[in-house]
Amino acid sequence: MDINIDSNNNADTPLTLGTLFKQDMKTANILSNYPTSFVPNYRFLNNTKYRIYDIQKSGPKKNNPFLFLYPGRICSVAGNEFPVLMDKQPCDDIMAHWKRWLPGFPEPVFKTIDEGVEDEDPIITIFPMQRIPEEKHAVDPDTHYHILLKSAIPETGAPCPEHYTQENAVFPCMVKVDQSLSGYGNYVCYNQEELAAALETINEAFGKAAPYVITAFVENVEETLGCQFYLNKKGEVHWLGTNINVLKDYDWVGSVVDWDLREVHRLRVYDSFIVPVAEYLHKKGYFGIAGIDIICSQSGDYLVDMNARLTGFTPHALIAPIMARDGLTKSLFKSADNQDCSTEELIKKVNFVNQTKEGKILILNSMDVDEGCIAAIVAFAETMSDAEELFDCLAVEKLVK
1 MDINIDSNNN ADTPLTLGTL FKQDMKTANI LSNYPTSFVP NYRFLNNTKY
51 RIYDIQKSGP KKNNPFLFLY PGRICSVAGN EFPVLMDKQP CDDIMAHWKR
101 WLPGFPEPVF KTIDEGVEDE DPIITIFPMQ RIPEEKHAVD PDTHYHILLK
151 SAIPETGAPC PEHYTQENAV FPCMVKVDQS LSGYGNYVCY NQEELAAALE
201 TINEAFGKAA PYVITAFVEN VEETLGCQFY LNKKGEVHWL GTNINVLKDY
251 DWVGSVVDWD LREVHRLRVY DSFIVPVAEY LHKKGYFGIA GIDIICSQSG
301 DYLVDMNARL TGFTPHALIA PIMARDGLTK SLFKSADNQD CSTEELIKKV
351 NFVNQTKEGK ILILNSMDVD EGCIAAIVAF AETMSDAEEL FDCLAVEKLV
401 K
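According to the UniProt record's numbering, the sequence shown is numbered sequentially starting from 1.
Wrong hints could be hidden among the right ones.
Simulated DEER-style distance windows between Cβ atoms [to be verified]: (1) A196 / V109: 30 to 38 Å; (2) E223 / A196: 25 to 33 Å; (3) K283 / F217: 26 to 34 Å; (4) P159 / D119: 37 to 45 Å; (5) D340 / E194: 32 to 40 Å; (6) P40 / Y190: 52 to 60 Å.
Once the Cα atoms are required to be at most 20 Å apart in a straight line, the calculated SDA-like pairs of lysine to any residue come out as [claimed, not checked]: (7) K22 / D121; (8) K348 / E371; (9) K99 / N354; (10) K283 / G157; (11) K136 / K233; (12) K49 / D178.
Honestly, the hints are just simulated from the structure, not real lab data. Just so we're clear, the structure is a prediction, and the values are computed from it rather than from any experiment. We put the beta carbon where it would ideally sit given N, CA and C, even for glycine.
Full structure from sequences and hints, please.
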């Protein structure tokens, strides 16, 4: 399989979503909204088709970051080739922040969601949308939904944990809702009683017909690698990089990137995981950004998630090589951090830190809430400890213990 690993490192201009997708599409719109199956008044409700489990263990949230914060995270790296569909665009202060600290990235272009749905251009979606016509999806929505299922992972042929039925499960085991986000709907079960309780919890929240998978629980985990690449329509892979996923109770909360280890990580995962996954996705007709998660353990490496879509790591992956050219090779990303100040105040604080400290903090997006704001933040520095110190300036919860 062809691989391109150098163009995003040596190009004079940053790699953007637009430059990646432009090789396969003349025109398109980018929709970075997530759907939900649990918020009745939300615009992209998938309640009868393409259902998704997006409830955190603590229950539905008033300010669900997936619905209101995450769609804007990709804007700083979207480029200006294709419009981003948003009814509420990032505020002027955020746009100015990107322009100041990411000067090489072009300012994004926007359309309203109605404009994008009504025009003739296909829509690049994170997930199939029940309320968008099938023919408007850049990737066939039925196919897209299938390849996002946890049960599709063994179809790739890549090493993955053994899959069980309820009757032959070996403990400890993992129970996962077949279609879920960010680790939601994941449970570790150590006996038959806990397995029955996990399945009952899923059924109560998602309905008796809730699909799920039961897999072996991988013990003695050393780290979980997140790998990102672009797969074009010819089946060629454009390698974007890796991160170490940061999990909290099996929910994804952020990532760590060490640019100096990019080749070590690539060599570890490419032949065993990237090649079979890319070949599988290509045969299914998928093209676009793809992310996979690989558990690295004493017993071996295993594919545990396959996200054929823009992911939370995508902006981080596209910005990291630009920062690395300035010697900022270590970075930490917090997907949704609670701040006790407004977005405007947070931007002022970050700008001051960037002016007075070594390294750089970027706000990918932020939304104001009653208690302050919730922000997606990434810190770049020469060392991990320096990146943590930048987070300390904002009182961000530590990612690296």
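Right, here's what the structure says about each hint:
{"no.": "1", "hint": "A196 / V109: 30 to 38 Å", "in the structure": "51 Å, violated"}
{"no.": "2", "hint": "E223 / A196: 25 to 33 Å", "in the structure": "32 Å, holds"}
{"no.": "3", "hint": "K283 / F217: 26 to 34 Å", "in the structure": "30 Å, holds"}
{"no.": "4", "hint": "P159 / D119: 37 to 45 Å", "in the structure": "43 Å, holds"}
{"no.": "5", "hint": "D340 / E194: 32 to 40 Å", "in the structure": "38 Å, holds"}
{"no.": "6", "hint": "P40 / Y190: 52 to 60 Å", "in the structure": "36 Å, violated"}
{"no.": "7", "hint": "K22 / D121", "in the structure": "13 Å, holds"}
{"no.": "8", "hint": "K348 / E371", "in the structure": "18 Å, holds"}
{"no.": "9", "hint": "K99 / N354", "in the structure": "14 Å, holds"}
{"no.": "10", "hint": "K283 / G157", "in the structure": "13 Å, holds"}
{"no.": "11", "hint": "K136 / K233", "in the structure": "18 Å, holds"}
{"no.": "12", "hint": "K49 / D178", "in the structure": "14 Å, holds"}
Violated hints for the displayed structure, listed by number in ascending order: 1 and 6.
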